[in-house]
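J.: Read top to bottom, the protein sequences are chains A and B. The numbering used here puts the first residue of the first sequence at 7, with every later residue one more than the last. The numbering used here puts the first residue of the second sequence at 1128, with every later residue one more than the last.
Worth flagging that the hints you see were computed from the coordinates, not collected in a lab. Hints are all accurate, no fakes.
Straight-line Cα separation of at most 25 Å, BS3-like style, residue types lysine-lysine; simulated pairs:
| id | chain 1 | residue 1 | chain 2 | residue 2 |
| --- | --- | --- | --- | --- |
| 1 | B | Lys1169 | A | Lys7 |
| 2 | B | Lys1164 | B | Lys1238 |
| 3 | B | Lys1238 | B | Lys1185 |
| 4 | A | Lys7 | B | Lys1164 |
| 5 | B | Lys1149 | B | Lys1169 |
| 6 | A | Lys19 | B | Lys1169 |
| 7 | B | Lys1164 | B | Lys1198 |
| 8 | B | Lys1149 | B | Lys1185 |
| 9 | B | Lys1164 | B | Lys1149 |
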Amino acid sequence: KAGVTQTPRYLIKTRGQQVTLSCSPISGHRSVSWYQQTPGQGLQFLFEYFSETQRNKGNFPGRFSGRQFSNSRSEMNVSTLELGDSALYLCASSLAAVAGELFFGEGSRLTVL
Amino acid sequence: GENVEQHPSTLSVQEGDSAVIKCTYSDSASNYFPWYKQELGKRPQLIIDIRSNVGEKKDQRIAVTLNKTAKHFSLHITETQPEDSAVYFCAASMGDAGKSTFGDGTTLTVKP
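Modelling step: build the complete structure from the supplied sequences, incorporating the hints.
T.: Dropping the structure here:
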């Protein structure tokens, strides 16, 4: 069974640009969540989607947005990039609708110059 | 919202010793407490988890204990090996699948 796949793996952008990251969950998983990981900050929750609906949102500015498609694939978008947005963005999928194991992708490493 | 504090931030032990990492959470409604291991350059992976209706859970050299009254839970690794060296994250969640609050991580180094 294929794991969680994230693309692109690495990308470099400049301040003010926007970026779209993609995540394909494990087949059959309907919950997809996104986390931002920075050194010393652990994993910060961005948002979670279930059956194309955003169920939860973390404390990030409106520049961070996302969506989920009918095949459970998800995208997140960051507009007007800032230097502080440089981070590893992890996508995770879950089989159940309620709290349980998260299966993480390898992440998309974003560098903002 | 939920807040999870994790200690220590770094831990160094000799091979064969035990390692203990502790986490506290703030929201008594949290009912699921997983631990993830993240090796350098790799994705976090679940190593053990516990739900609020259980006080302790073991899996070979790894165990987790939960004290709901005090709102803290701990990871215990016995007979540590060099391959246990990694960053360990605790987390707390309730309700929906994907929303978890993570601790800041503990970098465990096991010296051979």
